[in-house]
Amino acid sequence: NAGVMQNPRHLVRRRGQEARLRCSPMKGHSHVYWYRQLPEEGLKFMVYLQKENIIDESGMPKERFSAEFPKEGPSILRIQQVVRGDSAAYFCASSADRDQPQHFGDGTRLSIL
Amino acid sequence: GDSVTQMEGPVTLSEEAFLTINCTYTATGYPSLFWYVQYPGEGLQLLLKATKADDKGSNKGFEATYRKETTSFHLEKGSVQVSDSAVYFCALWARDSNYQLIWGAGTKLIIKP
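Chains as they are written, first to last, in the working numbering: chain A, 1 to 113; chain B, 1001 to 1113.
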């Protein structure tokens, strides 16, 4: 019974490079959420997607960040031209419907050199 | 807007002590309330939840009661173990929050043998 799978677990990038974070939701889940956790802080909502659609991206920075959830394959959170301040843990969650509990992956820890 | 406030950590207790982690919330609607736990280096696991006033969520010896009159959802456990050491997050979810999970900052719990 696979849960939410995120990869990679750890990602190191140099300033200016692109970071791609992947999330495969639980089987049967079509709703995906991305959160960012800065050190010693709680989680901040970034974006909510449902297969091929962005439902709410109110937590996404206006530039450099984008997310998609294609019909086939995992959800991707893309960060272009990374900066030091992007260093954080990025968590993905999925749910069976928008009013069902969210289940979390183990996160991707992004470090920017 | 909706918000969650947790007691600051770290909370340090001896094994078998009684645990309370306070959580209060502000919401315009009728939210569902959650406690998630994050063990070191891992993602978040749903610990317990309550969806309406006076509901009590319980799991693994932890429990929390949804108190609408005091807008609280305090986490309690009668006898903690070293393995309970983790960060605990209180969160709310409400339709008025556009289905986002709104998070507290987290409380780090350290249990000493």
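Bear in mind the hints are in silico, worked out from the structure with no lab data behind them.
It is possible that some hints are incorrect.
Said to hold, decoys possible - Okay, derived cross-link-like pairs now, PhoX-like style, lysine-lysine, Cα gap no bigger than 25 Å in a straight line:
id, chain 1, residue 1, chain 2, residue 2
1, B, K1049, B, K1077
2, A, K27, B, K1049
3, B, K1060, B, K1077
4, B, K1112, A, K44
5, B, K1049, A, K44
As the list claims (entries may be wrong) - Here are some chain A residues pointing at chain B (derived, C-beta under 7 Å):
id, residue
6, P39
7, G42
8, L43
9, F65
10, F104
11, G105
Stated by the list, open to error - Computed, partial: chain B to chain A, Cβ under 7 Å:
id, residue
12, S1014
13, A1017
14, G1043
Glycine included, each C-beta is placed from N, C-alpha and C at the ideal position.
Here is how each hint holds up against the structure:
Distance check on the hinted pair: B/K1049 and B/K1077 sit about 15 Å apart at the alpha-carbon level, within 25 Å; holds. Using a Cα cut-off of 25 Å, the hinted pair A/K27 and B/K1049 holds, with the two alpha carbons roughly 22 Å apart. At most 25 Å may separate the alpha-carbon atoms for a hinted pair to count; B/K1060 and B/K1077 meet this at roughly 9 Å. Distance check on the hinted pair: B/K1112 and A/K44 sit about 30 Å apart at the alpha-carbon level, beyond 25 Å; violated.
Between B/K1049 and A/K44 the alpha-carbon distance is near 20 Å, which keeps this suggested pair within the 25 Å criterion. With a least beta-carbon distance of about 11 Å to chain B, the hint placing A/P39 at the interface is violated under the 7 Å criterion. Look at A/G42: its Cβ gets to within about 4 Å of chain B, closer than 7 Å, so that hint holds up. The beta carbon of A/L43 is positioned within 7 Å of a beta carbon in chain B (closest approach about 5 Å), and the interface hint is therefore held.
Hint status for A/F65 relative to chain B: violated, with the closest Cβ pair at about 17 Å, above 7 Å. Because the smallest distance between the Cβ of A/F104 and any Cβ of chain B comes to about 4 Å, under 7 Å, the interface hint for this residue holds. Given hint, A/G105 at the interface with chain B, holds; its Cβ is 5 Å from that chain's nearest Cβ, closer than 7 Å. Of the supplied interface hints, the one on B/S1014 is violated, with its beta-carbon coming no nearer than about 24 Å to a beta-carbon of chain A, more than 7 Å.
Proximity of B/A1017 to chain A is violated relative to the hint, the smallest CB-CB distance being about 24 Å (cut-off 7 Å). A distance limit of 7 Å between C-beta atoms decides the matter here; for B/G1043 the minimum to chain A is near 4 Å, and the interface restraint holds.
Going down the numbered hints, you'll see the structure goes against 4, 6, 9, 12 and 13, while the others check out.
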